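Enquirer: Start from chain A and add chain B according to the hints.
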Amino acid sequence: MSNRIDMKGIGKSFFATRALDNVDFSCVSGEVHALVGLNGAGKSTLMKVLGGVYQKDEGVIEHNGKPIEITAPADAAKAGISMIHQELSLINELTVAGNIFLGRELKRGGTPFLDKREMARQVKMQLDRFGLSLDPNKPVRELNSGEKQIVEIIRALMSDSWLIVMDEPTSALSEEDKDRLFEFIARMKAEGIAIIYISHHMPEIFSIAEQVTVMRDGVIVLSERTSDTTEDAVIQSMTGEELEHFVKPHKEIEGDPLLSVQDLCKAGTYDQVSLEVRPGEIVVMTGLRGCGAPELAKAIFGLDGDYQGTVHYKGRPLKPGRGPSVSVRDGMGLVTENRDKNGILPPLSVRDNIALPFLEKTVRAGLIDGGYIDKVVDKAIRDTSTKTSSPDQEIRFLSGGNKQKICFSRWLDEDLELLILLEPTRGIDVHAKADIYRIIEDLAERGVGILILSYEIDEVIMLADRVLTLYQGQSVSEYVYPNFEKDQMLADMAGAGQPH
Amino acid sequence: MPDLGRLLREKNIIFVTLALCLLFFLISPRFMSVENMSAISRQIVPIGLIALGQFFVVVSGNIDLSMGMGSVLFAILLGVCFGLTGGVAVGIVAVIVASLALGFLNGVLVAKLKLPAFIVTLSMLFMAQGLSGLIIPRGQQIFLMGGFFRFVGSEKFMGFYWSFLFLVVLFVLAYIVYNHTRWGSYVVAIGNSEENAKLAGINVDRVKIGIFMFSGLCSGFAGIMLSTRMGFVQPGLDGNGLLLDGIAAIIIGGTLILGGRGTIGGAFWGLLFIGVINNALNLLNVEDVWHQVFKGAVILAALGANWVLWQSRQAEAH
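First to last, the sequence lines map onto chains A and B.
If you read the first sequence in the working numbering, its first letter stands for residue 1, the second for the next number, and so on.
If you read the second sequence in the working numbering, its first letter stands for residue 501, the second for the next number, and so on.
Since the hints were derived computationally from the structure, they do not count as laboratory data.
Predicted model only: the values in this text are computed from it and were never measured.
Beta carbons: idealized from backbone N, C-alpha and C, even for Gly.
Hints may be right or wrong, so weigh each one.
With a straight-line Cα cutoff of 20 Å, these simulated EDC-like cross-link-like pairs (lysine to aspartate or glutamate) come out [what the hints assert, rightly or not]:
1. A:Lys-148 x B:Glu-694
2. B:Lys-698 x A:Asp-167
3. A:Lys-148 x A:Glu-191
4. B:Lys-698 x A:Glu-105
5. B:Lys-698 x A:Asp-160
6. A:Lys-251 x A:Glu-441
7. A:Lys-178 x A:Glu-224
8. A:Lys-138 x A:Asp-160
9. A:Lys-266 x A:Glu-295
10. B:Lys-698 x A:Glu-69
The calculated label-pair distances, taken between Cβ atoms and stated as ranges, are [unchecked claim]:
11. A:Glu-69 x B:Phe-618: 36 to 46 Å
12. B:Val-590 x A:Arg-104: 41 to 51 Å
13. A:Glu-191 x B:Asn-703: 29 to 39 Å
Just chain A, same shape as in the assembly (with noise of 0.2 Å):
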């Protein structure tokens, strides 16, 4: 049967802000409408007032031509809407099946009792129809972020939903698991299911959406069949200006290797790879999710020292696990794939998070020069753009990009000799973005080594000087700008032609 939304005249406003002002926007069963905007459009607010989290302050929202109140994520589900949020919103220490069944759970008969196998046979049949091999008994704290994206998804699936809401359901899986979400999409639109896929990409929202609507400042700017419209135009009316297309720089990289990594080993993680990053050069090791790079990367910060093989920087051999403070002390630096995990202390403020790794090279005869921290502070935050009301703003209130760039921020003083990246634009905005490029960029004109990891490969060949390409732990080729091929590059990533 044919189901569809119409939210009509939304407006909502947070104290003196208008977030959202007069938002049409309408979703019909079996088509997927793409919800485009940069971070702070009003996207996510939108999303909100759809799903119950946030009440509207005008307007309706109809089914079917009948209007509904939504003032509660019940409702929502009541209705027919799944939400799949970016940030994962799964309970680690629950089963699969019981993950997929939160809320809603099972019952045997007229018991109290949950009947676990009925709910892990019925999560084995979704699972099976998917072509996917997953333990439903298996808990989620032990699954990867590509897993537990399927578990996401499996659960808006079995939630009698026909309205699912995607928010970036991509940053986080690896090339494989897209085609295998891209997959799930058209099975679902042919069951007439309607999904709203909130992105960035561009060459996703035009090869599976019919509609896409862009918010700028919280007011719609365009909504067009996909088939009527181009990148360009959707790109043009986000940023209400041409997008700059970032440019990389031409530079010459010389000089004696500034990390050289020989013949690096870990059991089951990573095998015999080799690597070396010179001053000014930017590498970037690729591949697919458990290709052994971040466990490299963390080997190579000195956070796991279980390794064999020999890392030397700037003409020593490192001792293995050392520890990160001894390699902060050495010029070096790290900022992790996990903003909100590892990266960020959330309650603390913009300015202490900027000033945690400076902490100890501020010490004036055992007090911290606070005016010193202040001047760091400032420039961190006009070097990176960062946008923030002010250095005592908590750091959690900020938007991923705006975090990410924090994070940056902190290793920019000029002690910094070798930096390693994880993910560096992993769910962040086109904007926000070529500002990440840039950071990295002036960094590697200032004679910076820089190792980056990224899954993306549009970004690896954007940012890089050499490539290295990782399958299954074992490094298969290198690339040296300007010869890289992205064909090939994707072959090696996926294992293709290698002997086993």
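Expert: Chain B alone, transformed into the frame defined by chain A:
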């Protein structure tokens, strides 16, 4: 298939407790006597009730500090009712109603007003302590005599004290509720992420209020058991010692103090561990002042060794 390695890893506390028993047996053979074992089973009842109530609170990411002094207050309430009516029925009903009310109050303040559980229940601890002293001035006590107190406190069924059997039945019920009902899953979900639990459509406030009402009820039961064991009630009873033993039991049993993870079985073994230490230190005539010092040292040594072992096994596994 039983996997010994995994069993050792996950059930460490069982082996630590058994090893401790062996040690105490070697020091004093009387420790392993049937009389002493059943003495332990009776001694752990009030701690066990506190631990059981606290378990759900802690797994949900909260804490209930009012349980210990609450149970003293409820014991006194029972004593006063006994003094007025000469029977226990009114007293028991009064304790159940009052303990549920205390839990409800804690729950509402935490869930609805979003006050930190630590602050709310700490305030209740002080109030319970104050009220106990108000009802019975310090230095005075009410003696409790009669069939009910003797029956629950010292009668046995098939070799087990009734009070211990009551505790075991509650643990079994709690196990079923925790592992096989929605409510149990919701407690875990809230402890992992209140936000995500809410997004799944769970009525988080109601579950939280329920959790605190259960911990309140458990402290009521603990108060009743305390009075049957002692045979008298007075405001000087060590409610906070009881609270800390209860918390220690569940943490030793593998419950994460930050919430989100824990097992009822682990909590039970943690309880036995605490019971064995308390009993052995009494049995070995350790002086009162040293009792606590030894207890701390034994917990630290046993769990420290356990932790080091576990870590080395983890390293081996990789």
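Enquirer: Hint by hint, say whether it matches the structure.
Expert: Each hint tested on the structure:
1. A distance of roughly 18 Å separates the Cα atoms of A:Lys-148 and B:Glu-694; the hinted pair therefore holds under the 20 Å criterion.
2. A hinted pair counts as satisfied when its Cα atoms are at most 20 Å apart, and B:Lys-698 with A:Asp-167 qualifies at roughly 18 Å.
3. At most 20 Å may separate the alpha-carbon atoms for a hinted pair to count; A:Lys-148 and A:Glu-191 exceed this at roughly 23 Å.
4. A threshold of 20 Å between alpha carbons decides the hint, and for B:Lys-698 with A:Glu-105 the separation of about 15 Å falls inside it, so the pair holds.
5. Note on B:Lys-698 and A:Asp-160: the hinted pairing holds, with a Cα-Cα distance of about 19 Å set against a maximum of 20 Å.
6. Simply put, A:Lys-251 and A:Glu-441 have alpha-carbon atoms about 10 Å apart, close enough for the 20 Å limit, and the pair holds.
7. Of the pairs offered as hints, the one joining A:Lys-178 and A:Glu-224 is violated, with about 25 Å between alpha carbons and a cut-off of 20 Å exceeded.
8. Simply put, A:Lys-138 and A:Asp-160 have alpha-carbon atoms about 23 Å apart, too far for the 20 Å limit, and the pair is violated.
9. For the hint linking A:Lys-266 to A:Glu-295, the alpha-carbon distance of about 9 Å falls within 20 Å, and the restraint holds.
10. With a CA separation close to 18 Å, the supplied pair B:Lys-698 and A:Glu-69 stays within the 20 Å bound.
11. For the pair A:Glu-69 and B:Phe-618, the supplied restraint of 36 to 46 Å holds, since their beta-carbon distance comes to about 37 Å.
12. B:Val-590 and A:Arg-104 have their C-beta atoms about 43 Å apart, which keeps the hinted 41 to 51 Å range intact.
13. The hinted window of 29 to 39 Å between A:Glu-191 and B:Asn-703 holds, with their beta carbons roughly 31 Å apart.
Violated hints for the displayed structure, listed by number in ascending order: 3, 7 and 8.
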